[in-house]
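Undergrad: The primary structure of each chain is shown beneath.
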Amino acid sequence: MGTTVARQPAIERDHALALLREMLRIRRFEEKAAELYSDGKIRGFLHLYIGEEAIAVGTLQALTPDDAIVATYREHGHALARGIPAGAVMAEMYGKATGCSRGRGGSMHLFDVGRRFYGGYAIVGGGLPIAVGLALADKLQGRPRVTACFFGDGAVAEGEFHESLNLAALWKLPVLFLCENNRYAMGTELERHQSQPDLYLKAESYRVPAEQVDGMDVLAVEAATRRVADAVRRGEGPCFLELLTYRFRAHSMYDPELYRTKEEVARWRERDPITTFERRLREGGLLTDASVATLEREVTAELAAAVAEAEAGPWEPVADLLKDVQAATQAPAPSA
Amino acid sequence: MGTTVARQPAIERDHALALLREMLRIRRFEEKAAELYSDGKIRGFLHLYIGEEAIAVGTLQALTPDDAIVATYREHGHALARGIPAGAVMAEMYGKATGCSRGRGGSMHLFDVGRRFYGGYAIVGGGLPIAVGLALADKLQGRPRVTACFFGDGAVAEGEFHESLNLAALWKLPVLFLCENNRYAMGTELERHQSQPDLYLKAESYRVPAEQVDGMDVLAVEAATRRVADAVRRGEGPCFLELLTYRFRAHSMYDPELYRTKEEVARWRERDPITTFERRLREGGLLTDASVATLEREVTAELAAAVAEAEAGPWEPVADLLKDVQAATQAPAPSA
Amino acid sequence: MVKTTYREAVRGALREALQSDPRVFLMGEDVGRYGGAYACSHGLLEEFGPDRVRDTPLSESAFLGAGIGAALGGMRPIVEVMTVNFSLLCLDQVVNNAATLRHMSGGQLGIPLVVRMATGAGRQLAAQHSHSLEGWYAHIPGIRVLAPATVPDARGMLLAALREPDPVFIFEHAALYPLEGELDPSGGVADITQAAVRRPGTQVSVIAYGGSVGKALDAAQELAALGIDVEVVDLRTLRPLDDATVLASVRRTRRAVVVDEAWRSGSLAAEVSARIMEGAFYDLDAPVARVCSAEVPIPYPKHLEDAALPQVAGIVRAVQGLIGGARG
Amino acid sequence: MVKTTYREAVRGALREALQSDPRVFLMGEDVGRYGGAYACSHGLLEEFGPDRVRDTPLSESAFLGAGIGAALGGMRPIVEVMTVNFSLLCLDQVVNNAATLRHMSGGQLGIPLVVRMATGAGRQLAAQHSHSLEGWYAHIPGIRVLAPATVPDARGMLLAALREPDPVFIFEHAALYPLEGELDPSGGVADITQAAVRRPGTQVSVIAYGGSVGKALDAAQELAALGIDVEVVDLRTLRPLDDATVLASVRRTRRAVVVDEAWRSGSLAAEVSARIMEGAFYDLDAPVARVCSAEVPIPYPKHLEDAALPQVAGIVRAVQGLIGGARG
Ligand SMILES: Cc1ncc(C[n+]2csc(CCOP(=O)(O)OP(=O)(O)O)c2C)c(N)n1
Ligand SMILES: Cc1ncc(C[n+]2csc(CCOP(=O)(O)OP(=O)(O)O)c2C)c(N)n1
Ligand SMILES: [Mg+2]
Ligand SMILES: [Mg+2]
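Protein chains in written order, with my numbering: chain D, 1 to 336; chain E, 1 to 336; chain P, 1 to 328; chain Y, 1 to 328.
The set of hints was computed from the structure by calculation and includes no laboratory data.
These numbers come from a predicted model, not from an experiment.
Careful, some of the hints might be misleading.
Computed list of lysine-lysine pairs in DSS-like fashion (alpha-carbon distance at most 25 Å, straight line) [what the hints assert, rightly or not]:
#1 E/LYS323 - P/LYS302
#2 E/LYS32 - E/LYS262
#3 P/LYS302 - E/LYS32
#4 Y/LYS302 - D/LYS323
#5 E/LYS41 - P/LYS302
#6 D/LYS32 - D/LYS262
#7 Y/LYS302 - D/LYS32
#8 Y/LYS302 - D/LYS41
Anything over 10 Å on all C-beta distances counts as not near chain D; from chain P, calculated [what the hints assert, rightly or not]:
#9 VAL2
#10 GLU46
#11 PRO178
Cβ-Cβ distance ranges computed for the label pairs, FRET-style [claimed, not checked]:
#12 E/GLU31 - D/ARG234: 51 to 57 Å
#13 P/MET1 - E/VAL318: 39 to 45 Å
#14 E/LYS172 - Y/GLU180: 38 to 44 Å
#15 Y/GLU180 - P/GLU278: 32 to 38 Å
#16 Y/PRO185 - E/ALA312: 56 to 62 Å
#17 Y/GLU180 - D/GLY284: 57 to 63 Å
#18 Y/GLY227 - E/VAL318: 41 to 47 Å
#19 Y/GLU182 - P/GLN194: 53 to 59 Å
#20 D/LEU258 - P/GLY122: 49 to 55 Å
#21 Y/SER186 - D/LEU258: 25 to 31 Å
#22 D/GLY235 - E/THR276: 42 to 48 Å
#23 E/ALA327 - Y/GLN221: 24 to 30 Å
#24 D/ARG234 - P/GLU278: 44 to 50 Å
All C-beta atoms in this analysis are idealised placements derived from N, C-alpha and C, irrespective of residue type, glycine included.
Produce the entire structure from the sequences given, and follow the hints as far as they go.
TA: In structure tokens form, the structure reads like this:
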């Protein structure tokens, strides 16, 4: 297919506000998470999605509750946009038993099987085969569902990317591959880890339809996702979206960011998916200072409640350490 | 680049006879090996190259003694075409201490470091990263050499193929990727294991120049190899040749060949690289019954000597079992 | 009871599973058109069709991971990794996903996945095709590891594995496929929690699994002729190990030899020895001995391969050494 | 003598190697511009340039294999696999190529390759980033496996590894990088054949390696206060194991506890226990005990991670158990 010029569909106000709200929820949540990390409330690795919110929000808007999500260790945004309560996500990052993974996974391993959110994978590329298998199960059971699989530009270099794309294409599986190309794999710039930096061209080499989309434009992301998700759901095989974006913050809280300039970051910040969208809505007369203030107030309130819930949550008792290493009970006998 | 019509360069007689002789040497060697396998002289896995000889002969004709070779478990032809004495190869297949790997590797693991023949790899795809590393060593030491890496169509599905092509292309390493596309990975046909069966297109997706070549035409193979090998040696980065061929025999001696029809095999046998080349030379008046008879006589004599050498060769003493698991002595101290 | 082979027992179990449970499907390299590298799925593609018997590309990591995903999606996949040698390419999916997701998700995810692979040496396939890595799999929390050594276990353990809610890895020693034995075709699932005493004895316990059980029984025969009464224990389940059966045997015999086709250092035999140390130290009359493979890439020639692998003669020597070496 | 850190000792050794041998180059994910995930190569790209300090794509199998090939081609590559957790993706290259080619080629090929990786848990990185798989590497014939536990070893073992004609794998416990210690900057290569007695003692030998050595020493302190005199042995080289030092210690103390951050079943601790069984059984007053990680994917919350890993208190209890449990 190739690059599509970011279209400018007529914006419907409530929907636009919903998109803005979702992006803001993620932004404020992660800004708070960074604070809590400094306070030692959150530990381990913390990978912020700040700057990339339009992707999680735009793509997940276009998917249904029946669809499955497979994400990476940089998945707070996807979890929140999927509807996992902020309190459950924050509690997970605290490591509390009330967390969405009972506190065992932390920031990198958010799960919510009820919402078909199949997690948070911290081995780069490790989620792709899982997504292929979820889609295979749907196809074998004749369920018109999409499995949306998020991964970064760095993951594209891993062998599992290659094997997974071939398998999904060969078997025409309903996988929507969503490549969050933020131009860096940790400290290694795209051109220094990919011989072909136009990643959607790689996808096409598997005969997978692929497009490049402006990942800083939530409407463009949503529109592209709707377009291809329907094809995937109809059983036409996998599709691939390369979502061009940028990570505003360090790779993780350990990263001294020696590999890029403040200027480069500043240039990209001008394309902040939230502020640009907000400006656009104001220009379109869809947003007023008052409505922004309300939005911010509501988001802040939700966040405060989430933190309170995380603080109040209990720790899993040490006695339960070995619980669920394997299932307590055996599976039911074959149905036939 | 894309497909090149197999050109018909003017044939120089001595050279043509040399090519024919090399292909015949391989053919007769393997026909004998099949016999010896039934006799129990050769054991383990035996993968015959019969039908694909034009590739090993054509490519290696175009390479120099300084170039390195990395091959697969189907590498008798490459070893012989590289100049490893037939006796040393046959002795290896017998498991004799006089074999080119001291008998330890057998058919799948032929080595001759003096001839820069870096082996025989039996984990599909496992040789590609090794080839990339050999080429990296040449580049770092400023040696204008090519590392020729042979692998099959099935290997293209492995993650290591993907990682190796990206790395070689990214670092502009002097690797010549030689894909022996014989249309089957064991019993699985090309279209059933590759979503994009035109494998050279995959290579192009890494920005590696690639061509499809008639692998049944020894002259076309040689010409294409010369063309691209020079570019690789000059430091222009890796190249990829997809050599279209067919395996006339079973995958291994265990294979009942349930997955293809006798008719399909028969159709391909009409394109036998040896008989077709022979016919062409006769038509060009370059070959007479007499010269063919001489050739066959010489090849038969060499083969008989090789078998005799293998038969006569000693077994490695059991006492040496642990020899060379690690080097006996330490390496010299750093040069500087 | 019918006379059949280990291979046919596996094939029969696969067939029965595909017939009895629509969620079951088989996936792997050449399991379909080729009929399986070891012919364990011969004819199944024709009988069950390409949706349920799926030939995969050479992509161990992707199709093992796809098996995990399909299990999460409600299927009961049986993944065949052609041999353990190639399973290194998907070990990340095993360790970090298959074995981990249930616990790491706080119990939300279950992965009823069965993975079968051929293992072991002895057929002159040389260093890259002769590994015995069951011990590595037995190190991984969250999975169950089985090593059927008999015709009934080849069938019954596979059927039992399909009842498990968590990943089960079944290691079939390639040398066993032609093994003949009696089978009750209507026999149900096998117990997959206990080791089995294959031959009762009083003086020394020889503990083995998979392809080494037969060698242990042969050694016991020879030793019987020499007047040494050996008990042979087949571990059967490598994870979790059945300590109770092993320790009970050793407490009776007061001496043990552990046989393992893996390289000695870091072998599963080391774990068995350590557990006997911990559980029966005061009952031992002599140190537990190990008969394992030499620490060398397995060479191609028969005489060197034989020298590298555990053999009956070596087991006999080890047992005699214990009897000799015993105190008082 | 200078006061420095484990991290700086590694960095200094890398720098010295790059300076002293033009064949040496460093390759791995983010070793260059980023400065190394653990800052062990900070500044080296600037000093030695992109040919000798090479950032790789996320392609563990390709760049580990490329290290093997470059070594075959006359270079002396140092490959950094960011952490052991990711090394599963290149384990095939390690087992089937790096460890095998010399023997399988009849001695023709040599692979002077050094591979470094961070290992271990303890920083709340959860199940996929907390593995301790040194024991698996120690199972592989054809390679040498090192686990520096001190600042001098962090430097000296790396320099020694670069002298080896065969692949050497160095496991740096991530929790040790900030460790401070005295270093002789002009000190040469370290011995990489022997274990070291880090603290002499008479009543119990506590055998540990890598990140557990410090815990063993702390436990010895506490036990001294309780009047129990503990000897602490640092294995240092995990393959080949230095049996002599271990057995000599156990023969003196007649009791041993093996500490290993790996999961208990199939841990390197099992191998050490089995070797003591085989080499010092008649000298033991009590069964060898193991203190290992719980058999569970390592959880994220601190209290659960602490509960899953070996701790000083657990080592103390194990030693007391032996003293209590001894006969006569
Ligand atoms: C297999 C593997 N190798 C290395 C790492 C260490 N690591 C974590 S994130 C990362 C960069 C991934 O980049 P990308 O895929 O672009 O995702 P991003 O972080 O930019 O969102 C690396 C190298 C890992 N987690 N897994
Ligand atoms: C990683 C791996 N998986 C599976 C196998 C078993 N196997 C050996 S050869 C082969 C087919 C390879 O096909 P291709 O690459 O096309 O080479 P060809 O045999 O056709 O020359 C397979 C599946 C293997 N050796 N290695
Ligand atoms: Mg990125
Ligand atoms: Mg092929």
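Undergrad: All hints, please: hold or fail.
TA: How the hints compare with the structure:
For the proposed pair E/LYS323 and P/LYS302, the alpha carbon gap of about 17 Å is at most 25 Å, so the pair holds. Restraint check for E/LYS32 and E/LYS262: the C-alpha separation of about 22 Å stays at or below 25 Å, so the hint holds. A threshold of 25 Å between alpha carbons decides the hint, and for P/LYS302 with E/LYS32 the separation of about 21 Å falls inside it, so the pair holds. Simply put, Y/LYS302 and D/LYS323 have alpha-carbon atoms about 17 Å apart, close enough for the 25 Å limit, and the pair holds.
Restraint check for E/LYS41 and P/LYS302: the C-alpha separation of about 11 Å stays at or below 25 Å, so the hint holds. About 22 Å separates the Cα atoms of D/LYS32 and D/LYS262, which keeps this hinted pair within 25 Å; it holds. Restraint check for Y/LYS302 and D/LYS32: satisfied, since their Cα atoms lie roughly 21 Å apart, inside the 25 Å limit. Among the hinted pairs, Y/LYS302 with D/LYS41 is consistent with the structure: their alpha-carbon atoms are about 11 Å apart, no more than 25 Å.
Annotated as non-interface, P/VAL2 keeps its C-beta farther than 10 Å from every C-beta of chain D; the closest such distance is 23 Å. With a minimum CB-CB distance of about 19 Å to chain D, P/GLU46 clears the 10 Å threshold, and the non-interface call stands. Separation of P/PRO178 from chain D is adequate, the least Cβ-Cβ distance of about 29 Å exceeding the 10 Å criterion. Separation of E/GLU31 from D/ARG234 is about 53 Å and conforms to the stated range, judged on CB atoms against 51 to 57 Å.
With their beta carbons about 43 Å apart, P/MET1 and E/VAL318 fall inside the hinted range of 39 to 45 Å. For the hinted restraint 38 to 44 Å between E/LYS172 and Y/GLU180, the CB-CB distance of approximately 43 Å keeps it satisfied. Distance hint for Y/GLU180 and P/GLU278: a CB-CB separation of about 37 Å, consistent with the stated range 32 to 38 Å. In this structure the hint that Y/PRO185 and E/ALA312 lie 56 to 62 Å apart at CB holds, the actual value being about 60 Å.
Hint check: Y/GLU180 to D/GLY284, Cβ distance near 60 Å, so the stated range 57 to 63 Å holds. Under the hint 41 to 47 Å, the C-beta atoms of Y/GLY227 and E/VAL318, about 54 Å apart, miss the expected range. Separation of Y/GLU182 from P/GLN194 is about 55 Å and conforms to the stated range, judged on CB atoms against 53 to 59 Å. In this structure the hint that D/LEU258 and P/GLY122 lie 49 to 55 Å apart at CB holds, the actual value being about 54 Å.
The hinted window of 25 to 31 Å between Y/SER186 and D/LEU258 holds, with their beta carbons roughly 30 Å apart. The beta-carbon spacing between D/GLY235 and E/THR276, approximately 44 Å, falls within the hinted interval of 42 to 48 Å. For the hinted restraint 24 to 30 Å between E/ALA327 and Y/GLN221, the CB-CB distance of approximately 42 Å leaves it violated. The beta-carbon spacing between D/ARG234 and P/GLU278, approximately 60 Å, falls outside the hinted interval of 44 to 50 Å.
The structure fails to meet hints 18, 23, 24 from the earlier list, while all remaining hints are met.
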